[in-house]
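Just so you know, the protein sequences line up as chains G and E, in that order.
Under my numbering, think of the first position of the first sequence as 1, with each following residue one higher.
Under my numbering, think of the first position of the second sequence as 311, with each following residue one higher.
Just so you know, the hints here were simulated from the structure itself, not pulled from any lab data.
Beta carbons are placed, not taken as given, at the ideal position from N, Cα and C, and that holds for glycine.
Check each hint, because a few of them may be wrong.
Simulated coverage check for chain E against chain G, where a stretch passes if three residues somewhere in it have a Cβ under 8 Å from a Cβ of chain G [said to hold, decoys possible]:
1) 365 to 379
2) 411 to 423
3) 536 to 545
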Amino acid sequence: MGAEFVQLSLTPLAIGVLAAIACALPGNFMILRRQALIGDAISHVALPGIVVAFLITGTIATWPMMIGAAGAAVVAVVLIEAIRRLGRVEPGAAMGVTFTSLFAAGVLLLEQSDTSSVHLDVEHALYGNLESLIWLSAEGWGSLLDREALADLPPELGRMAAVTLLIAVLTALFWRPLKLSTFDEGFAATLGIRTGLLSLALVMTAAVAAVAAFDAVGSIIVIAMFICPPAAARLMTNRLEVQVAWSLVFATLSAVLGYVLAGYGPLWLGGNDAVSAAGMIATVSGVILGLACLFAPHRSRIGAPREAEG
Amino acid sequence: MHAALAADHPLVVQGMTVSYGERPAVFSVDAAVPSGSMAAIIGPNGAGKSTLLKAALGIVPPLSGTVTVFGRPLAEARSRIAYVPQRASVDWDFPARVIDVVLMGLYRELGLLRVVRRHHREKALACLERVGMADFAARQIGQLSGGQQQRVFLARALAQNADLYLLDEPFAGVDAATEKAIIDVLKSLKAERRTVVCVHHDLATVVDYFDHVLLINVRKIAEGPVATTFTAETLQATYGGRLATTHIDQLKLPTA
Chain G
1 MGAEFVQLSL TPLAIGVLAA IACALPGNFM ILRRQALIGD AISHVALPGI
51 VVAFLITGTI ATWPMMIGAA GAAVVAVVLI EAIRRLGRVE PGAAMGVTFT
101 SLFAAGVLLL EQSDTSSVHL DVEHALYGNL ESLIWLSAEG WGSLLDREAL
151 ADLPPELGRM AAVTLLIAVL TALFWRPLKL STFDEGFAAT LGIRTGLLSL
201 ALVMTAAVAA VAAFDAVGSI IVIAMFICPP AAARLMTNRL EVQVAWSLVF
251 ATLSAVLGYV LAGYGPLWLG GNDAVSAAGM IATVSGVILG LACLFAPHRS
301 RIGAPREAEG
Chain E
311 MHAALAADHP LVVQGMTVSY GERPAVFSVD AAVPSGSMAA IIGPNGAGKS
361 TLLKAALGIV PPLSGTVTVF GRPLAEARSR IAYVPQRASV DWDFPARVID
411 VVLMGLYREL GLLRVVRRHH REKALACLER VGMADFAARQ IGQLSGGQQQ
461 RVFLARALAQ NADLYLLDEP FAGVDAATEK AIIDVLKSLK AERRTVVCVH
511 HDLATVVDYF DHVLLINVRK IAEGPVATTF TAETLQATYG GRLATTHIDQ
561 LKLPTA
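One chain only, chain E, in its complex shape:
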């Protein structure tokens, strides 16, 4: 990868290998997400989609590989990244209100000891407003439905005011209204020239939602614009021929 290419790509991953035990979960994956794109990471269960995302963020240590964010090493570019983890990865019984969770997105601004002032609260409330959750600011987070919890996580990421948004299965187990609300927010981010990367499992919505795909099954299968990369051939290669032809026919695939 040339330095010039890395500099104008928000996220470049090179030679990423991650292992939780004997077998690698992600093996030697290269990826380059173009600026201003809506990118999906697609693959079957256990293909290492979330692991790749977590390794790119430095949450799980990779065996090898480098991550470049806007042309700089990850550690120097953290303030430009926002992350939405899987909803099920936290205990929603934690003693916090919705507003407390969104304020966590302002951590880099607040630091260790700065007091939360009114403009911080207003910023957090504005982010809740964007995901349609402003009325729930004082609710305990455990009282929310799954879709509402997902929106709160998205609001926290909005509060980070980042240039690169990384989301892990943002549409998993949410109702249609929440899915619509989330995709609207993500499209508004794209309209603001920000870059969005989602781990995604619903093949039926890929063409509607995204413009760039990375197909992986431990190794990288294909990467590129949805129009040319998201094809019956690459999907069969990714899912190991386990997709029924009828299923693929329903995907409104662009003709390759």
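This is chain G alone, in the form it adopts within the complex:
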């Protein structure tokens, strides 16, 4: 755990943990609102957004990519609402139609356009490039105090940290109205809470988390982190406050364990190469959810409607 760890593993680990937390926080509310698939939708439509941004600007600089992905997320949210209202179908179906077709459009667009010269491909969109976000100028733990070395940190780290902080502050600030309107939207409205605006703000916050995380770690992690840690956390407790705390624990655990297992797991098993960290992090979060389903203390749906009872 010396210089090599700081140089090669510290920043990807930190970015992985931050991305996991940024997605898990809004994920708690989206699962309770039966909107969990929105995270899925947003992270998929980031691909066409990024391709369009590339086609317009001709570069793969960060900001055009982020703006493209965010723009696509807005388009997707509007499309989902439009399909749901005009087609009178359930939200899940509207999301499914929207994100699969937009993602497919992104793949087609990518194939047809001349992106061979730049690092832009479907694989990158799915898995990200967590392992490449290393801190080359670090020479050990001491570099954390070295201003010159700190300036060389991957920019993804700063961005992800800022986004995670923003989401944490927003969640804390709007905790009460969020909780109230998630449980009982009508009652919340009678208190003067702008429930429609709050609902849109939640989706937008999730979009910001998804786009920022997508840039660093790809859409697989985003999808997994929106759903798995909050869903597993729901099975651990019957209080929202405790659920959110558990979801952060599970998100962090998934990121750390997944990263370590991806790097060393294959070696322990006698293989030669490491596997995708993003894929392994998502897998670990799925395993945690599976274990929670089997062993967590509150795993039955006690609130399901019961007939013939007064």
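Knowing the structure of chain G, use the given hints to seat chain E on it.
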């Protein structure tokens, strides 16, 4: 409606029209609930009773119409209103305890960031005590029976300490003990000079429970004191002649 009349009526609705699609659910309804009354909104299924209540509260946007609460626009009088939604309108699997739900009634007091202190908890517990649910404060809400859930919703409304209580089908699917407990609380509210409005479906209890009725079937059919308004004629008009005469005979209707 004269301004003076609006000022001493807790709830005045004028020209309320609400539509979810092509057909209006509520069409041009006027209503004025007198101060200190126990009012029932009566009508057949799909007559727009709940929709009228939700539109009066600003939960669903009306196509047209105005709502005046104690002589002021709705937005300025929200702190004087408490609302009990239909029990089935929320997911009771939500991760919260009974006390957490009652504390939601103190939202206007607590705001975004104020810490829940002991006197808030004591207030919430006192409201649970009033509906006979104090022993269940730490229960997960999904573990309650339907009647207990309805009482928790009523306790949350009590915590709002309002002057006007609007309840959507408070007696739907509850046992006799809960119905008794709820009506006792509502009568105590009336005794404190507060005003209570219920969407109600059980014609047999109207005369016992309420003193003011609003009969609607998309449009307003009749409104006034139970003694003079809740008659065989208005009921037949409200239900489109679908009530059997024997049914009406059983209602102990006041002779008009």
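To see whether the hints hold, each was checked on the structure:
Restraint check on the stretch 365 to 379 of chain E versus chain G: 3 residues with Cβ-Cβ distances below 8 Å, three needed, restraint holds. A stretch counts as covered by a chain when three or more of its residues have a beta carbon under 8 Å from one of that chain; for the stretch 411 to 423 of chain E and chain G the count is 8, and the coverage holds. Look at the stretch 536 to 545 of chain E against chain G: 0 of its residues bring a Cβ nearer than 8 Å to a Cβ of that chain, fewer than three, so the hint is violated.
Hint 3 from the earlier list is the only one contradicted by this structure; the remaining hints agree with it.
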